[in-house]
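Engineer: Now for the letters of each chain:
Number of protein chains: 2
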Amino acid sequence: MPAGFKAAGVACGIKGREKNDLALIYSETDTAAAGAFTENRLPAAPVRLSRKVMAGGRCRAVIINSGSANACTGVEGYADAERMAGLTAEALKIDPGLVAVCSTGRIGDPLPMDKIEGGIAALAEIIRTGGNGAAPEAIMTTDTGPKQTAVEFEEEGITARIRGMAKGAGMIYPRMRVEGLSHATMLAFIITDVEAEAETLREALSRSLEQSFNRITVDGDTSTNDTVILMANGRSGVKAGVRFREALDCLTRELARMIVADGEGATRFIEIEVRSAQSREDARVAAAAVANSNLLKCAFYGESPNWGRMLAALGYSGAEIEEGKVAVFLDEVEIIRDGLLREVPEDIITGKLKESSWKFMIDLGLGEGNDFYYTCDLTPEYVEINKR
Amino acid sequence: MPAGFKAAGVACGIKGREKNDLALIYSETDTAAAGAFTENRLPAAPVRLSRKVMAGGRCRAVIINSGSANACTGVEGYADAERMAGLTAEALKIDPGLVAVCSTGRIGDPLPMDKIEGGIAALAEIIRTGGNGAAPEAIMTTDTGPKQTAVEFEEEGITARIRGMAKGAGMIYPRMRVEGLSHATMLAFIITDVEAEAETLREALSRSLEQSFNRITVDGDTSTNDTVILMANGRSGVKAGVRFREALDCLTRELARMIVADGEGATRFIEIEVRSAQSREDARVAAAAVANSNLLKCAFYGESPNWGRMLAALGYSGAEIEEGKVAVFLDEVEIIRDGLLREVPEDIITGKLKESSWKFMIDLGLGEGNDFYYTCDLTPEYVEINKR
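These protein sequences, in sequence, are chains A and B. Here the first sequence stands for residues -18 to 369, numbered as in our numbering. Here the second sequence stands for residues -18 to 369, numbered as in our numbering.
Just so you know, these hints were derived from the structure itself, not from any lab. Careful, some of the hints might be misleading.
Mimicking SDA-like on lysine to any residue, the simulated pairs with C-alpha atoms at most 20 Å apart in a straight line are [to be verified]:
1) K368/B with P286/A
2) K(-4)/B with S285/A
3) K33/A with E184/A
4) K368/A with N287/B
5) K335/A with K368/B
6) K340/A with K368/B
7) K368/B with S285/A
8) K0/A with I108/A
9) K306/A with R22/B
10) K(-4)/A with I75/B
11) K333/B with R369/A
12) K(-13)/A with V132/A
13) K368/B with K0/A
14) K368/A with E362/B
15) K368/A with I366/B
Sample of chain A residues with no beta-carbon within 10 Å of chain B, all distances over it, derived [claimed, not checked]:
16) A60
17) M94
18) G138
19) S204
20) T205
21) G218
22) E235
23) S257
24) E262
25) R290
26) S338
27) R369
Glycine residues also receive a C-beta, built at the ideal position from the N, C-alpha and C atoms.
Using the sequences and the accompanying hints, generate a full structural model.
Structural biologist: Printed below as a string of structure tokens:
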């Protein structure tokens, strides 16, 4: 844990008595902070509130509930988000304007504020006695397990730390923008003891998103609640420079990978890399079309080499494409050359497709644009999870 | 059957010995013709060939195989499509430049030309003796049944006829454009005995697409092979005017409905109508986002009133939207008002959701733009069908 931060999780009853569903991240001192939020035009109440907090560039605490998204809940929903911030500030004796709020779960239902009120009081008590390890679990919805990771780096002999946790398994296709510079619910919280201005954090987060959370999809649905919050308290004395940005990129990419690997019902983790597109944006849209193709994702599930579906997706992606120039590799095996399917010995391809993680490298042969997406397969289990 | 047209289907062995897989539509005399083709940037060989035919505005025959898409098959694929046209022209003693070609099935495999050659000879023989009723079945892939419909209208006491057949169950999200004016595989063939210039047919087809085939989705994947061909031989003596366009619109909409109702694995047919958007394009993209949301389509399958997912889809659609202005009706039941979920008595909603066909009317309360999409639910069966 980076110095000066504490976190805790409790079960307050939103998801039923036994499940952790309310989390608190707390910094003993003021932090510089940056936040990135969904571009969905119906952002949840907590997103609207936290945008304001992050526009100020400072934060002391983040209160997060799972089990209910507080999205599409109107004026009362916003009042509930404000009350969550107010109760947290009161319990921790801090400025309510420095408390960010996040929610995740079903859209459209009002928050059970009585349960949350009791939960906040319990969390503040646990924080006072040092916190507990339940926060990553308390932010889960359909996730099969908690997601957290940490990175350290040294500068002039001093160690700085970054720690992050995330959730997200369904409604995952984030398209977020950093507040102050300029979709799942996925939530990620990153705390560090480096020293930085809010503006530096915003720039670092904005760049980091474009190689992590904004390059993942489970189902192509962009949430009303996606949020990433980055808080830096300066305790290490290490200034946020290149090494910090590299460490941050490494951490966000790992968390993004964890979200997709735990996608709802997923049995496969797949990286789609597109190279030599006419532009980076062309590479991005081509990778996104392939990563979001339902037909191809069903074939991934069935371990079926139905690569024609990949060509179809590239064709409708909107990217510039020339049929005779397309080459595709599944790991080191060339499966498409000059736009034509190659005959690959069945045992080689069958062996590959049994693995739990694949990487496709698609070369469009047109230019210098490179980009990627992380995706997973589409399974009957995904449908069963989401038929409610 | 409109006067002067004949059709036939045979089993030539592409899909296995017992299944009809090759169809021929033939006109005894020259027809004016218009074709609409996929905007996928990797169009199949038969699409490229048929575009040329339709650019000429005349057609005598269409040869169609199912079981293999002849897409992403390179130079040899195009030669195969040309050979299909040539063999058909030879057997029917017509100009090969007046033969359109369509294929549907798996992408990337070469066509079994020996089987097709035998099939074309058999078809020509059947056509010579009057044709048979097997064409609608011979163009099927994962369709559970043939799709055809007919319309008649009278003008000054004379009856004119329009007949159409279509296929399509998966890879259905057509975005087509009429060749000469300017995306499943879905195929549709429309024959009529009205009298018309090719340009008139192109305009009528172009307009008709935008209220039928270009407003359907099963899985959001746009095929390399989508094709609609309209042929008019003038035999009725009725000129193609307003009544023809109305009849055509009625027929294309019915065929479009049939394709979605038979979507792969589908148990529900759903119409998404968007009204009062800021523009027609906003209404279209809003309806398309709702119609393509995997999460919502899983809820449709589960008969679950998870309407918050609809709001999320509207929010990421790209259409202008104001949360407090959104109203949604499921048939006559108001389920969302002022952007908030309404409490609807459970028996009313449960009764509705048991039905096989639903209509949502989404009112954005912003302007004059109206549009719609037809869609279906996403089921475990869809995944099972497409895991190959």
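Engineer: Now, for every hint given, state plainly whether the structure supports it.
Structural biologist: Okay, the hints, checked on the actual structure:
1. At roughly 10 Å between alpha-carbon atoms, K368/B and P286/A fall within 20 Å of each other, so this suggested pair holds.
2. With a C-alpha separation of about 19 Å, the suggested pairing of K(-4)/B with S285/A holds against the 20 Å cut-off.
3. Our distance criterion of 20 Å between C-alpha atoms is met by K33/A and E184/A, whose separation comes to about 18 Å.
4. Straight-line distance between C-alpha atoms of K368/A and N287/B comes to about 9 Å, which keeps the hinted pair within the 20 Å bound.
5. As the CA atoms of K335/A and K368/B are separated by approximately 14 Å, the hinted pair is consistent with the 20 Å bound.
6. Note on K340/A and K368/B: the hinted pairing holds, with a Cα-Cα distance of about 19 Å set against a maximum of 20 Å.
7. Of the pairs offered as hints, the one joining K368/B and S285/A holds, with about 7 Å between alpha carbons and a cut-off of 20 Å not exceeded.
8. Between the alpha carbons of K0/A and I108/A the distance comes to roughly 19 Å, so the proposed pair stays at or under 20 Å and holds.
9. For the hint linking K306/A to R22/B, the alpha-carbon distance of about 13 Å falls within 20 Å, and the restraint holds.
10. A distance of roughly 71 Å separates the Cα atoms of K(-4)/A and I75/B; the hinted pair therefore is violated under the 20 Å criterion.
11. Proximity of K333/B to R369/A is assessed by CA-CA distance (about 16 Å); at most 20 Å being required, the pair is judged to hold.
12. A C-alpha spacing of about 17 Å is found between K(-13)/A and V132/A, which places the hinted pair at or below 20 Å, so the restraint holds.
13. Restraint check for K368/B and K0/A: not satisfied, since their Cα atoms lie roughly 35 Å apart, outside the 20 Å limit.
14. For the suggested pair K368/A and E362/B, the alpha carbons sit about 13 Å apart, so the restraint of at most 20 Å is met.
15. Pair hint K368/A plus I366/B holds up; C-alpha atoms about 18 Å apart against a cutoff of 20 Å.
16. At the 10 Å boundary, the C-beta of A60/A stays outside the reach of chain B, the nearest C-beta of that chain being 14 Å off.
17. The claim that M94/A lies off the interface holds: its Cβ sits roughly 17 Å from the closest Cβ of chain B, which is beyond the 10 Å cut-off.
18. At roughly 47 Å from the closest C-beta of chain B, the C-beta of G138/A stays outside 10 Å, upholding its exclusion from the interface.
19. Here S204/A does not stay apart from chain B, with its beta-carbon only about 6 Å from theirs, under the 10 Å limit.
20. For T205/A, the condition that its CB be more than 10 Å from all CB atoms of chain B is violated, with the nearest at approximately 5 Å.
21. Separation of G218/A from chain B is adequate, the least Cβ-Cβ distance of about 42 Å exceeding the 10 Å criterion.
22. The claim that E235/A is not at the interface with chain B holds, since no C-beta of that chain comes within 10 Å of its own (minimum 26 Å).
23. Taking the minimum C-beta to C-beta distance to chain B, about 16 Å, the non-interface status of S257/A holds against the 10 Å cut.
24. Listed as outside the interface, E262/A is consistent with that label: its C-beta sits roughly 16 Å from the nearest C-beta of chain B, beyond the 10 Å cut-off.
25. The non-interface label for R290/A is inconsistent with chain B: the shortest C-beta to C-beta separation is roughly 7 Å, within 10 Å.
26. Interface exclusion of S338/A from chain B stands, the closest Cβ pair being 18 Å apart, more than 10 Å.
27. Once the 10 Å rule is applied to beta carbons, R369/A is inconsistent with being away from chain B; the minimum gap is 5 Å.
Taken one by one, the earlier hints fail for this structure at numbers 10, 13, 19, 20, 25, 27, listed in ascending order.
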